[in-house]
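Trainee: If you're matching them up, the sequences are chains A and B in order. If you read the first sequence in full-length UniProt numbering, its first letter stands for residue 1, the second for the next number, and so on. If you read the second sequence in full-length UniProt numbering, its first letter stands for residue 1, the second for the next number, and so on.
Derived by calculation from the structure, the hints in this document are not laboratory data. Only true hints are included.
Copies of the same chain look alike in the list, so a pair counts if it works inside one copy or between any two.
Derived lysine-lysine pairs resembling DSS-like cross-links, with alpha carbons at most 25 angstroms apart:
1) Lys187 - Lys162
2) Lys143 - Lys238
3) Lys263 - Lys321
4) Lys237 - Lys143
5) Lys262 - Lys355
6) Lys113 - Lys355
7) Lys41 - Lys113
8) Lys143 - Lys187
9) Lys207 - Lys41
10) Lys321 - Lys262
11) Lys187 - Lys171
12) Lys321 - Lys238
13) Lys237 - Lys207
14) Lys187 - Lys237
15) Lys282 - Lys321
16) Lys282 - Lys262
Protein chains: 2
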Amino acid sequence: MMGRLLLLLISPYLYSLLISTVALPTKPEGYHQLRPGAPFKIALFADLHFGEAESTDWGPLQDVNSTRVMSSVLDDENPDFVIYLGDVITANNIAIRNASLYWDQAVSPTRAKGIPWASVFGNHDDAAFEWPIEWFSAPGIPKIHCPVANSSCSGEEDCSFKGTQRLELMKNEIELNALSYSQFGPKELWPSVSNYVLQIFSSENPKSPVAFLYFLDSGGGSYPEVISSAQAEWFRKKALEINPDSRVPEIIFWHIPSCAYKKVAPLFGIHKPCVGSINKEKVATQEAEMGIMKLLIERVSAKAVFVGHNHGLDWCCPYEKLWLCFARHTGYGGYGNWDRGARIVEITQQPFSIKSWIRMEDGSVHSEVVLSPFINRDKSM
Amino acid sequence: MMGRLLLLLISPYLYSLLISTVALPTKPEGYHQLRPGAPFKIALFADLHFGEAESTDWGPLQDVNSTRVMSSVLDDENPDFVIYLGDVITANNIAIRNASLYWDQAVSPTRAKGIPWASVFGNHDDAAFEWPIEWFSAPGIPKIHCPVANSSCSGEEDCSFKGTQRLELMKNEIELNALSYSQFGPKELWPSVSNYVLQIFSSENPKSPVAFLYFLDSGGGSYPEVISSAQAEWFRKKALEINPDSRVPEIIFWHIPSCAYKKVAPLFGIHKPCVGSINKEKVATQEAEMGIMKLLIERVSAKAVFVGHNHGLDWCCPYEKLWLCFARHTGYGGYGNWDRGARIVEITQQPFSIKSWIRMEDGSVHSEVVLSPFINRDKSM
Numbered sequence: 001m002m003g004r005l006l007l008l009l010i011s012p013y014l015y016s017l018l019i020s021t022v023a024l025p026t027k028p029e030g031y032h033q034l035r036p037g038a039p040f041k042i043a044l045f046a047d048l049h050f051g052e053a054e055s056t057d058w059g060p061l062q063d064v065n066s067t068r069v070m071s072s073v074l075d076d077e078n079p080d081f082v083i084y085l086g087d088v089i090t091a092n093n094i095a096i097r098n099a100s101l102y103w104d105q106a107v108s109p110t111r112a113k114g115i116p117w118a119s120v121f122g123n124h125d126d127a128a129f130e131w132p133i134e135w136f137s138a139p140g141i142p143k144i145h146c147p148v149a150n151s152s153c154s155g156e157e158d159c160s161f162k163g164t165q166r167l168e169l170m171k172n173e174i175e176l177n178a179l180s181y182s183q184f185g186p187k188e189l190w191p192s193v194s195n196y197v198l199q200i201f202s203s204e205n206p207k208s209p210v211a212f213l214y215f216l217d218s219g220g221g222s223y224p225e226v227i228s229s230a231q232a233e234w235f236r237k238k239a240l241e242i243n244p245d246s247r248v249p250e251i252i253f254w255h256i257p258s259c260a261y262k263k264v265a266p267l268f269g270i271h272k273p274c275v276g277s278i279n280k281e282k283v284a285t286q287e288a289e290m291g292i293m294k295l296l297i298e299r300v301s302a303k304a305v306f307v308g309h310n311h312g313l314d315w316c317c318p319y320e321k322l323w324l325c326f327a328r329h330t331g332y333g334g335y336g337n338w339d340r341g342a343r344i345v346e347i348t349q350q351p352f353s354i355k356s357w358i359r360m361e362d363g364s365v366h367s368e369v370v371l372s373p374f375i376n377r378d379k380s381m
Numbered sequence: 001m002m003g004r005l006l007l008l009l010i011s012p013y014l015y016s017l018l019i020s021t022v023a024l025p026t027k028p029e030g031y032h033q034l035r036p037g038a039p040f041k042i043a044l045f046a047d048l049h050f051g052e053a054e055s056t057d058w059g060p061l062q063d064v065n066s067t068r069v070m071s072s073v074l075d076d077e078n079p080d081f082v083i084y085l086g087d088v089i090t091a092n093n094i095a096i097r098n099a100s101l102y103w104d105q106a107v108s109p110t111r112a113k114g115i116p117w118a119s120v121f122g123n124h125d126d127a128a129f130e131w132p133i134e135w136f137s138a139p140g141i142p143k144i145h146c147p148v149a150n151s152s153c154s155g156e157e158d159c160s161f162k163g164t165q166r167l168e169l170m171k172n173e174i175e176l177n178a179l180s181y182s183q184f185g186p187k188e189l190w191p192s193v194s195n196y197v198l199q200i201f202s203s204e205n206p207k208s209p210v211a212f213l214y215f216l217d218s219g220g221g222s223y224p225e226v227i228s229s230a231q232a233e234w235f236r237k238k239a240l241e242i243n244p245d246s247r248v249p250e251i252i253f254w255h256i257p258s259c260a261y262k263k264v265a266p267l268f269g270i271h272k273p274c275v276g277s278i279n280k281e282k283v284a285t286q287e288a289e290m291g292i293m294k295l296l297i298e299r300v301s302a303k304a305v306f307v308g309h310n311h312g313l314d315w316c317c318p319y320e321k322l323w324l325c326f327a328r329h330t331g332y333g334g335y336g337n338w339d340r341g342a343r344i345v346e347i348t349q350q351p352f353s354i355k356s357w358i359r360m361e362d363g364s365v366h367s368e369v370v371l372s373p374f375i376n377r378d379k380s381m
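All chains should be modelled from the sequences, with the hints used to inform the complete structure.
Mentor: What follows is the structure in structure tokens.
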């Protein structure tokens, strides 16, 4: 019988304390208690793009639609945890000063159900506002509410369309939401922000983590689309520190596919060993590979990477010992009209397994796959 | 005998006051008194690109070189006025919070000689900081001085690389420099900032302006590269207000060539009626034409437009009744290694004429041209 799986925040400073005193997590809501005996189920909400085309009638309607998708998936799956896999908002379309208003809309369906979550940044989340060129022809710039702020030109309205930084967005999410497990990440990794690790553990054996969930910021928006050498080094050290014998499986989440995704991408359709339902575009990768993939493929405990970014891809393919998976486009914002859904990731403790499938907005399920820790690939497939 | 030519600030609110009370300009330095009998001479400093590659050894050296060019031109020409024709700084290379430090370096040679000036914005002046991708590989981000500021994450250092807005740059220039004639421009034209008009008048007849100098913000950086319909309309109304009978010649300055420049650009070399010395690249125009050119060509008093932006072009060509001129690349920052210099514009009152030439860093002069108000183009040329 499976024990309760719990989720625990790993602070860089408090980890040893947390491990030894699970009854005293850093915040009262610092763990999530599972249904007894059930595996730990995560829903990935990818590329919601709230705030897209905010100055049109079409835009706000998309956010209503995206909220409906999330509510539907949460009702159907009742997950233990949600991961917002980047491009939560389309900041380049958002003229107001603090885009956290849209971010807050995006997390509200999860919060409303009392489900904890964590988020990573995508390339659109802190992108600079892009002025539509049509605003410069007649009839000009539409009326936008410009709050009066303490700008450097004191007394002037803050119509600077400055955008909202990653740190501001994260601060708002964390401070306003007891259910958020997101972190700012180590300061030395900034401007890359969403770099942190959470653990899942069993209530029956709180000293023995079942899995580590790693979150990395794959950049974009205000800086290049890349996972840096410094992030890779942070992962290496952290993994060595908290999982020195690679005994505990590790699952990794970020937004933009690494270059390795291109190597495993099916040419036409989707065929075994890959599993998925849409393969409609080329993989749009990070700008460079700075070392994270080498670490992951050499690490026996690293099991799978999950990314968003490509709305027209939803497959999982094996790469060396790892699985490389796309989420499913969840939002009505963002390009592409493929039906919306969410990838579900289910972690079972004994024997350890990661199962995944895609739950669509209409309730249907497809593309179920077991992401076996050590896949035995049949070369004849 | 030519009277003294004076320069006067035209405030949108105080214009009539200024016209009728020339002894009381808005600030003591609000006019510039010419050498008696001499024409009014303007030096155009274009594309200085201060702060380019600031994190390298090469970058700061370019700024020293650019300062030398300006000092040399000012010594040789002793102009009455200087116009900074945009791309004063390369903001996309500037990591510090307030890029005005670089802007201030750029205006210092002019200030040091007590010469008044005005400036317009180019596409690089408020561009967002672009993180070099090599900073994300080992050895990582170089140490940059990050001032502690009142950021939203209070107590944290302000390493947000946010860039500096047009309004902040202009505020610093205006507030710190009594010799600056720059203006914020009408608020209703923002995010386009440097839109204003100055007049030159003769001390012998202070009620009769000799010429109006119009400055327009051709965009770029934080918003599209365009002169908007609203700016064109502002020009139309302002010109109608202060020069209703088109009696006073008008000269116009902005940074990015309008589409009309492409129409008159010489294909190979430079041949009459065009005058210049380099024609090394294609005209890089604004993204759209929203009406300003139509107004200018229909207005008999509009004589010439001066732009920068293309470092490899320095010609003047006629277009309808107007002259369209490039300045000369003045800065060592920015692309291109063509020898540096500055276009000089000399305005004579009676009979009215605009003469222009290029003064090089080495003291040589070339490409002299009289921009006749009503050029009689010989179609056989």
